[in-house]
Amino acid sequence: MRITAVLVVLPASLAIAANVSGQFEDAKKIQGLWRVESIDGGPSKQEPKFKLKFFADHFVAVEPGQEENRMFYRLNPKSNPKEIDVAKRPFNDDVGAIVPGIYEFRGEVLRICLPTERKDRKPKTVSTFALQEYARPKEFKPSRDVVMLTLKRDQ
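Start counting the sequence shown at 1; every next residue gets the next number (my numbering).
No lab work stands behind these hints, which were simulated from the structure alone.
Be careful, since some hints might not be right.
Below 30 Å or equal to it, Euclidean Cα-Cα: the simulated DSSO-like pairs (lysine-lysine) are [stated by the list, open to error]:
hint, residue 1, residue 2
1, Lys138, Lys78
2, Lys138, Lys53
3, Lys45, Lys138
4, Lys28, Lys88
5, Lys82, Lys49
6, Lys82, Lys138
7, Lys29, Lys49
When you get a sec, could you build the whole thing from the sequences and use the hints?
Dropping the structure here:
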């Protein structure tokens, strides 16, 4: 009887462990220093003269002679395309505006698409002053309203 119970529970436990492990794979993979190779789309042309250094829950823009600017992020690798949310404060605080984006890894290249314009600049209530402000991009296609960062892992 015990062997039967173990054989029933073991496959389910292995499936749960594999799912949890897959969930944290992107969180580990994104950490480190990334060189911005290109910035496409958006309302104006920008030259990539900086790097982004990702930590467990935040990243900083590293640019010579400039003060580091810290931004917080969270990943949702289970969606298709994979989602990234960016905010000025930690997500467990009252974060204010959240910029919803998408991301993908292609070997040592990371692409991130983020909206550049708010849908509605006047929120109806303070509590809705978050994801409703911006439209999450649906594809990796830069435009006037969507900026695409192409980053390469810096050695």
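Against the structure, the hints come out as follows:
A hinted pair counts as satisfied when its Cα atoms are at most 30 Å apart, and lysine 138 with lysine 78 qualifies at roughly 15 Å. Restraint check for lysine 138 and lysine 53: the C-alpha separation of about 25 Å stays at or below 30 Å, so the hint holds. About 22 Å separates the Cα atoms of lysine 45 and lysine 138, which keeps this hinted pair within 30 Å; it holds. With a CA separation close to 21 Å, the supplied pair lysine 28 and lysine 88 stays within the 30 Å bound.
Note on lysine 82 and lysine 49: the hinted pairing holds, with a Cα-Cα distance of about 26 Å set against a maximum of 30 Å. Between lysine 82 and lysine 138, the direct Cα distance comes to roughly 10 Å. Compliance with the 30 Å bound is thereby established for this hinted pair. Between lysine 29 and lysine 49 the alpha-carbon distance is near 23 Å, which keeps this suggested pair within the 30 Å criterion.
Checked against the numbered hints given earlier, the structure satisfies every one of them.
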